Amino acid sequence: NAGVTQTPKFQVLKTGQSMTLQCAQDMNHNSMYWYRQDPGMGLRLIYYSASEGTTDKGEVPNGYNVSRLNKREFSLRLESAAPSQTSVYFCASSRQGADWAQYFGPGTRLTVL
Amino acid sequence: GQQVMQIPQYQHVQEGEDFTTYCNSSTTLSNIQWYKQRPGGHPVFLIQLVKSGEVKKQKRLTFQFGEAKKNSSLHITATQTTDVGTYFCAGPTYGGATNKLIFGTGTLLAVQP
Numbered sequence: 001n002a003g004v005t006q007t008p009k010f011q012v013l014k015t016g017q018s019m020t021l022q023c024a025q026d027m028n029h030n031s032m033y034w035y036r037q038d039p040g041m042g043l044r045l046i047y048y049s050a051s052e053g054t055t056d057k058g059e060v061p062n063g064y065n066v067s068r069l070n071k072r073e074f075s076l077r078l079e080s081a082a083p084s085q086t087s088v089y090f091c092a093s094s095r096q097g098a099d100w101a102q103y104f105g106p107g108t109r110l111t112v113l
Numbered sequence: 001g002q003q004v005m006q007i008p009q010y011q012h013v014q015e016g017e018d019f020t021t022y023c024n025s026s027t028t029l030s031n032i033q034w035y036k037q038r039p040g041g042h043p044v045f046l047i048q049l050v051k052s053g054e055v056k057k058q059k060r061l062t063f064q065f066g067e068a069k070k071n072s073s074l075h076i077t078a079t080q081t082t083d084v085g086t087y088f089c090a091g092p093t094y095g096g097a098t099n100k101l102i103f104g105t106g107t108l109l110a111v112q113p
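Going down the list, the sequences are from chains A and B. As numbered in the numbering used here, residues 1 to 113 make up the first sequence, in order. As numbered in the numbering used here, residues 1 to 113 make up the second sequence, in order.
Heads up, simulated EDC-like pairs for lysine to aspartate or glutamate below, C-alpha to C-alpha not over 16 Å straight-line:
(1) Lys-56/B with Glu-67/B
(2) Lys-59/B with Asp-18/B
(3) Lys-100/B with Glu-59/A
(4) Lys-100/B with Asp-56/A
Since the hints were derived computationally from the structure, they do not count as laboratory data. Just so it is clear, the structure is predicted and the values come from calculations on it, not from any experiment.
Let's have the full structure, built from the sequences with the hints guiding it.
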């Protein structure tokens, strides 16, 4: 099992460009999440999807959109990138049940110039 | 809003010394999770505590959940260089879905050989 995979690993954008970050999990998890991590800020939830077909805003959703394409895939789109969106983006998934552990992908390091 | 704070933000120890990080929530938590993130890596789930006053051990790591379920601690005995990284606690958002977490600010542990 690959766990949670993310593409791309690195990306440089110019202000105003758009891009989609891809995430897929092969653990049959219902819930998926997008976080951003900035130095000294910890992990902040952007959007999450409790199950296929549903999405909800997290703590910092402005400037982002998401799509839960199917149970495996959850994408994050930046429509018009801004320098403030320079960050490391992590996708995660979790199963429902007694153990709510989240499993993270390797991350995408995004720089917006 | 709900906050989860950790202290200290940074700790530097000599190899073999003990280390403790403390996690405090502004609200009562149904459970608390701990994650470790190695430098340049992604967060990795360590453990979940559910019961008031619960103590769990993983080799040299001891995790505690406070009686009031608003605080937690992670203690590492006789640190090793492999313990280097940032340790995060995380708890469910108040009144929200159990699988939507708010992460603490993290404690960065540096271990000098």
